[in-house]
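Taken in sequence, the protein lines are chains A and B. Following the numbering used here, the numbering of the first sequence begins with 1 at its first residue and continues without gaps. Following the numbering used here, the numbering of the second sequence begins with 1001 at its first residue and continues without gaps.
To be clear, the hints were calculated from the coordinates, so they are not data collected in a lab. Bear in mind that the values here come from a model prediction, so they are computed numbers and not experimental data. Don't take each hint at face value.
[Said to hold, decoys possible] Quick list of the computed label-pair ranges, beta carbon to beta carbon:
#1 A:Ala2 to B:Val1080: 26 to 32 Å
#2 B:Ser1051 to A:Leu111: 40 to 46 Å
#3 B:Glu1015 to A:Gln80: 31 to 37 Å
#4 A:Arg84 to B:Ile1108: 29 to 35 Å
#5 B:Ser1051 to A:Phe97: 25 to 31 Å
#6 B:Ala1103 to A:Ala2: 41 to 47 Å
Backbone N, C-alpha and C fix where the C-beta goes; we use that ideal spot for every residue, glycine too.
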Amino acid sequence: GAGVSQTPSNKVTEKGKYVELRCDPISGHTALYWYRQSLGQGPEFLIYFQGTGAADDSGLPNDRFFAVRPEGSVSTLKIQRTERGDSAVYLCASSRFSRETQYFGPGTRLLVL
Amino acid sequence: ELKVEQNPLFLSMQEGKNYTIYCNYSTTSDRLYWYRQDPGKSLESLFVLLSNGAVKQEGRLMASLDTKARLSTLHITAAVHDLSATYFCAGRRDSNYQLIWGAGTKLIIKP
């Protein structure tokens, strides 16, 4: 079946702009996660959704970052007033239930100039 | 706080050789994951190890878990070029869904 999909695959923006990154999880997966991966490092947890609600947003670096999952399926990660330090690959993962293996999407490569 | 360390971070080896990647973690982790990442690609789940002494094998890769030593290993047998990738281990704190990741081991296998 279809895996986790993310759009866009690449995003180049200017410092100070607003960006939205989309994640479409595997159908039927109730849990959705956002991670950020910098070059040469492992992923860093950002936020976790169980259904429509953000069960844990403790990994969001500051209030410029926000994510939603209004219908319990597709999720959007929103970054306001982007900074050069936000440049990274943003990974989305989903799992059938919260404690099961997470399946990752291809990521969105964000470059802030 | 759970911390996960991998070593080596970089490994270059010849085809046909055997080698082991090590993953140490600092405190209790209720399971241990191994993922593979090809350049520019996403993370592919390889193994999940649930209990002490667990061993899983897929092709030339074998993963094991020693919870007493807080150590997991990923052993590569008779390496082939197609196994070139970055391998990550990740732990998970009890009653928590967050994965805590190692820095990854970049594996290059030369023909």
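Status of the hints after comparison with the structure:
1. A:Ala2 to B:Val1080: 26 to 32 Å: holds, 29 Å
2. B:Ser1051 to A:Leu111: 40 to 46 Å: holds, 42 Å
3. B:Glu1015 to A:Gln80: 31 to 37 Å: Violated, since B:Glu1015 and A:Gln80 (Cβ atoms, about 49 Å apart) do not stay within the stated range.
4. A:Arg84 to B:Ile1108: 29 to 35 Å: Given a distance of about 30 Å, which is inside 29 to 35 Å, the answer is holds.
5. B:Ser1051 to A:Phe97: 25 to 31 Å: Hint violated: Cβ distance 19 Å, outside 25 to 31 Å.
6. B:Ala1103 to A:Ala2: 41 to 47 Å: violated, 31 Å
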